[in-house]
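Line by line, the protein sequences give chains A and B.
Anchor point for the first sequence: position 208 equals 208 in our numbering, and the numbering is continuous, going up by one each time.
Anchor point for the second sequence: position 375 equals 375 in our numbering, and the numbering is continuous, going up by one each time.
If you are wondering where the hints come from, they were derived from the structure by calculation, not from laboratory data.
Be aware that a few hints might be false.
Covered, in the sense of this in silico footprint (three residues per stretch, anywhere, with C-beta under 8 angstroms from a C-beta of chain B), are these stretches of chain A [stated by the list, open to error]:
no. : segment
1   : 337–349
2   : 472–480
What follows is a set of in silico ranges between Cβ atoms, one per label pair, in the way DEER data are often shown [said to hold, decoys possible]:
no. : chain 1 : residue 1 : chain 2 : residue 2 : range
3   : A       : 405       : B       : 109       : 45 to 55 angstroms
4   : B       : 11        : A       : 466       : 28 to 38 angstroms
5   : A       : 323       : B       : 377       : 24 to 34 angstroms
6   : A       : 428       : B       : 377       : 52 to 62 angstroms
7   : A       : 323       : B       : 92        : 40 to 50 angstroms
8   : B       : 92        : A       : 378       : 21 to 31 angstroms
9   : B       : 105       : A       : 448       : 45 to 55 angstroms
10  : A       : 16        : B       : 422       : 31 to 41 angstroms
11  : A       : 374       : B       : 241       : 14 to 24 angstroms
12  : A       : 374       : B       : 372       : 30 to 40 angstroms
Selected chain A positions facing chain B (in silico; Cβ < 8 angstroms) [claimed, not checked]:
no. : residue
13  : 399
14  : 404
15  : 406
For each residue, glycine too, the CB sits at the ideal point set by N, CA and C.
Okay, here's what each chain looks like letter by letter:
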Amino acid sequence: MTLLATLARVEAAAAGRARPLSQVLHRRLAGQPLVIIPLTLAGDPATPVAAMTGTSRTDQQLLVVSQPRNRDLRLRFLTSLASTVLGYIAARQHAAEIIPATRTHEERRRYADAPQILVPNRAARDYLGLLGRATRFQRADGPYPVDPSVPTLGKWLTFFADRADQPGSALLADLTSILAEHWATGQSPLEDASLAAQLAWIDPPPGMTGLQAALATEDPLRCPPAGPATDPGFDQAILEPLIRNYDRAAKAGSQAGTDRVAAEITTALRGQLEPTWETIWHAIALLRALPETAGAGRRWAADRDSFTSFSSYLGDGGLPQPRRDHAATAAARLDRLERAHAAYDAERALEDPFILAELRTTGEAFAGEVVSALPSRTTTTPAGRTILRPRFTVHTDDPVRIEPGRVLICPTRPSQRVQIADLPRAGTDAEVVLEVIQGMGTPARPRPGAVPAPGELVSYTLDPGYWAPRDFPPVDQTPWTHGGPPVRRAEQTEEPQS
Amino acid sequence: MSEDCHYDPASETDQVIAAVMADMSEPGQRGIIVDSPPGAGKTTLVVRAATELATSGESCIIVAQTNNQVDDLTTRLARQEPSLRLGRLSATDYIPPATLLTLPDVTVATRIDDLGAAQVILATAAKWATVKDRSWGWAIIDEAYQMRSDMLLLVAARFDRALLVGDPGQLDPFSVIETPRWIGLPYDPMQNAVTVLQAHNQDLPVHRLPVSWRLPASAAPVVSSAFYPFSGFRAATTAGDRHLEFTAAGIRNSADVTLDLAARSGWALHELPARHTTRTDGEAADAVASLAARLLTRRAVGMCERHPAGQPLGPQNIAIGVAHRDQADQIRQALAHTAPAAAAMIRVDTANRLQGAEFDTTIVLHPLSGRSDATAFHLEAGRLCVLASRHRHACIVVARAGIADVLDAHPSDEPIHLGVRAKFPDGWEANHALLAYLANYRIPAP
Numbered sequence: 001m002t003l004l005a006t007l008a009r010v011e012a013a014a015a016g017r018a019r020p021l022s023q024v025l026h027r028r029l030a031g032q033p034l035v036i037i038p039l040t041l042a043g044d045p046a047t048p049v050a051a052m053t054g055t056s057r058t059d060q061q062l063l064v065v066s067q068p069r070n071r072d073l074r075l076r077f078l079t080s081l082a083s084t085v086l087g088y089i090a091a092r093q094h095a096a097e098i099i100p101a102t103r104t105h106e107e108r109r110r111y112a113d114a115p116q117i118l119v120p121n122r123a124a125r126d127y128l129g130l131l132g133r134a135t136r137f138q139r140a141d142g143p144y145p146v147d148p149s150v151p152t153l154g155k156w157l158t159f160f161a162d163r164a165d166q167p168g169s170a171l172l173a174d175l176t177s178i179l180a181e182h183w184a185t186g187q188s189p190l191e192d193a194s195l196a197a198q199l200a201w202i203d204p205p206p207g208m209t210g211l212q213a214a215l216a217t218e219d220p221l222r223c224p225p226a227g228p229a230t231d232p233g234f235d236q237a238i239l240e241p242l243i244r245n246y247d248r249a250a251k252a253g254s255q256a257g258t259d260r261v262a263a264e265i266t267t268a269l270r271g272q273l274e275p276t277w278e279t280i281w282h283a284i285a286l287l288r289a290l291p292e293t294a295g296a297g298r299r300w301a302a303d304r305d306s307f308t309s310f311s312s313y314l315g316d317g318g319l320p321q322p323r324r325d326h327a328a329t330a331a332a333r334l335d336r337l338e339r340a341h342a343a344y345d346a347e348r349a350l351e352d353p354f355i356l357a358e359l360r361t362t363g364e365a366f367a368g369e370v371v372s373a374l375p376s377r378t379t380t381t382p383a384g385r386t387i388l389r390p391r392f393t394v395h396t397d398d399p400v401r402i403e404p405g406r407v408l409i410c411p412t413r414p415s416q417r418v419q420i421a422d423l424p425r426a427g428t429d430a431e432v433v434l435e436v437i438q439g440m441g442t443p444a445r446p447r448p449g450a451v452p453a454p455g456e457l458v459s460y461t462l463d464p465g466y467w468a469p470r471d472f473p474p475v476d477q478t479p480w481t482h483g484g485p486p487v488r489r490a491e492q493t494e495e496p497q498s
Numbered sequence: 001m002s003e004d005c006h007y008d009p010a011s012e013t014d015q016v017i018a019a020v021m022a023d024m025s026e027p028g029q030r031g032i033i034v035d036s037p038p039g040a041g042k043t044t045l046v047v048r049a050a051t052e053l054a055t056s057g058e059s060c061i062i063v064a065q066t067n068n069q070v071d072d073l074t075t076r077l078a079r080q081e082p083s084l085r086l087g088r089l090s091a092t093d094y095i096p097p098a099t100l101l102t103l104p105d106v107t108v109a110t111r112i113d114d115l116g117a118a119q120v121i122l123a124t125a126a127k128w129a130t131v132k133d134r135s136w137g138w139a140i141i142d143e144a145y146q147m148r149s150d151m152l153l154l155v156a157a158r159f160d161r162a163l164l165v166g167d168p169g170q171l172d173p174f175s176v177i178e179t180p181r182w183i184g185l186p187y188d189p190m191q192n193a194v195t196v197l198q199a200h201n202q203d204l205p206v207h208r209l210p211v212s213w214r215l216p217a218s219a220a221p222v223v224s225s226a227f228y229p230f231s232g233f234r235a236a237t238t239a240g241d242r243h244l245e246f247t248a249a250g251i252r253n254s255a256d257v258t259l260d261l262a263a264r265s266g267w268a269l270h271e272l273p274a275r276h277t278t279r280t281d282g283e284a285a286d287a288v289a290s291l292a293a294r295l296l297t298r299r300a301v302g303m304c305e306r307h308p309a310g311q312p313l314g315p316q317n318i319a320i321g322v323a324h325r326d327q328a329d330q331i332r333q334a335l336a337h338t339a340p341a342a343a344a345m346i347r348v349d350t351a352n353r354l355q356g357a358e359f360d361t362t363i364v365l366h367p368l369s370g371r372s373d374a375t376a377f378h379l380e381a382g383r384l385c386v387l388a389s390r391h392r393h394a395c396i397v398v399a400r401a402g403i404a405d406v407l408d409a410h411p412s413d414e415p416i417h418l419g420v421r422a423k424f425p426d427g428w429e430a431n432h433a434l435l436a437y438l439a440n441y442r443i444p445a446p
């Protein structure tokens, strides 16, 4: 935790109400997100009990497995979930735009919209990935066939879970993480993993402090857990006896009996899920009040690209994603995530004054007043060409921790790049001499306003730069250092169990 | 030790180097790993191996991790073997240091095709990753434990056989991305290159350089047992070979007792009163700065096997090691007050950046000083090992009292994963071991 985030937490605890950490939204919130709240059977990972889904507060669908240990009932549940999710996805696969070719990319098609799945917390996000793994290898042919939509659901859920690791992606997101980016509560980050408690600090009911409201959410009767794990008291006192009743009715062969118990189970689970459903839409409403940044739109476009290409992969009969990454795919994925991480951090710093302020406390950014400027300074390159290299000096009392020579960027002049030419210190103050190396024009035609004038307040932070994706060897050319090419196996027959 | 009269560090090292060379001339051997403790002559080995390969007509490249390391190796190789034609491959924005340009038979180029005549080509791993469609018989990979395995994957097609040299006790490479996705896979891209190479090639020979030429006799045994529990090493020198003397006195202050002890014994623990502080502990920074300043005003002179008559200790021979960058910053500011003339020349840096460097005397701000908890970052054995193994004469550790209690309250609780080999030494245990040893050299500061 950074200094400012810690301070905000302390202030929130003292004031009894969360403090803002950011007042802009760095992620697209779709107009119609698909909210999914999964519940799992205690002690049995990847065995779903129920899921509540829907694209608006009033459009709510509850899917329930009356006996989660029964494979047929579980598959029926997964088929219904598949129909919901795949239907939602298909509705976004109609309108498309054509992106004209650039120097590095060919012309391509991109869907105008993309699906967005919102879940209450990080555990639910991981749970969808787990469900994806459990279903993507199931077969629609051979012994014990499943509905063809089930493996397709698995591939999509795996795609969403994989994409969610990409910093700034919005295809699958969990609300506690998004809220934590925007508000510091007066409780620990661990306690923030409970959506209801976190929201209690952010928007407590009238007449209550955040702490009182958060304490009230600890009562599992008023506020059942947001899942995927259920409340153990509920499991013991209500769910387990009902499931046993269901088994008895099924053993007796009474259709009316199982129907009656199934209805009771549904009612009980609805009671567990509905409070979270309300909380989620409350959180979404709070987030919708925040303005979206330009970067959020750009990242959503990247999400749409990725959605489009995965759609066509599946359209071409794409196999399920392998159980584990190969050496080269793992390395390439890490490279992609690291580049996205650097770009996401830099874009947010430029678009969000709160984040820039945080970087100033750690010395990775600084702000101050321009005290002098040489807008028409020139130098000569080794090749003998005269180039414009304006310099200006910024007085700052920030603890600048950037070595001379590093390239910096600023929020107000996005096309400008500067380099620290000199950094003399006097006590805690510094006079940073900056040289403009990009965006200043030529000696004959200097760009007006490219160099800040004395008296102007400016701020600068590190430019992460751009580096091209690395060229990892193809999987079938894996070198001996990494085990050589993988031995060919029929990948799609792995994990045949349900 | 009874065998000390027969102890010949040079021949022990030579035996290991000869064994490495013998393995390299074995035709079927694809890779050889050489573990090198701090200051054990890793560069000497690299230079020797490169020379032998080049003179026997083998094509050979050298892969290092940073531009500084490549420049150092190039200079060493050019000075030792002036007959070799060397190529220094670099990125376009790299500015070669002046010393490199004055060397004969060293060509600096940004494209591999411009280095056609070179017998040995040196570059960073990142630069080698951009070279395509060429391959060489041998690669010597320096600081292989600092290299991430995804980088090895990128450069592996450039060579048939490899000699990997590095210090297993230093800091592991890291990533800003936190994901459990690849934990336990033999080719986890976040692991270091040697671990991944060994996971796939379990029969590769591993050699260990047995002697530290850097660490004094006072430091080698404790560093060896705390950080290299299964592959110990010894100091090349004996207790009498190295010591510090002060040639000026001046008015004594609280730093002097600590300095005297460090000069006499090679270690000192300058212990400030127990207190929970922020990361930037002003009192600790002042204590570090005043120790450094006092070391200079007392005109320390170091006697050693290289300088039996003594060599004055200048600011460039002193380093100050810390865990975090803001601490380094704070100490630099404190130094500007206490030793304004020398402040710019004293190296103040984090453990990550001090890896591989060597100084006469180091002053270390203990990573756990003033902390109320011990996180995995602060417990990492490599961090403390780097800080405690940079010196040739003495190491002064500055810390708040009570670190042992912090350790006891925070046993390492890192999860155990299937398929991941337990890492030795355990950071928590190494911290305790060093602390227990330092307790013998404790000077309570007022």
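Right, here's what the structure says about each hint:
no., hint, verdict
1, 337–349, "holds (count 4)"
2, 472–480, "holds (count 6)"
3, A:405 <-> B:109: 45 to 55 angstroms, "violated, 22 angstroms"
4, B:11 <-> A:466: 28 to 38 angstroms, "violated, 53 angstroms"
5, A:323 <-> B:377: 24 to 34 angstroms, "holds, 32 angstroms"
6, A:428 <-> B:377: 52 to 62 angstroms, "violated, 27 angstroms"
7, A:323 <-> B:92: 40 to 50 angstroms, "holds, 42 angstroms"
8, B:92 <-> A:378: 21 to 31 angstroms, "holds, 23 angstroms"
9, B:105 <-> A:448: 45 to 55 angstroms, "holds, 51 angstroms"
10, A:16 <-> B:422: 31 to 41 angstroms, "violated, 46 angstroms"
11, A:374 <-> B:241: 14 to 24 angstroms, "violated, 56 angstroms"
12, A:374 <-> B:372: 30 to 40 angstroms, "violated, 49 angstroms"
13, 399, "holds, 6 angstroms"
14, 404, "violated, 13 angstroms"
15, 406, "violated, 12 angstroms"
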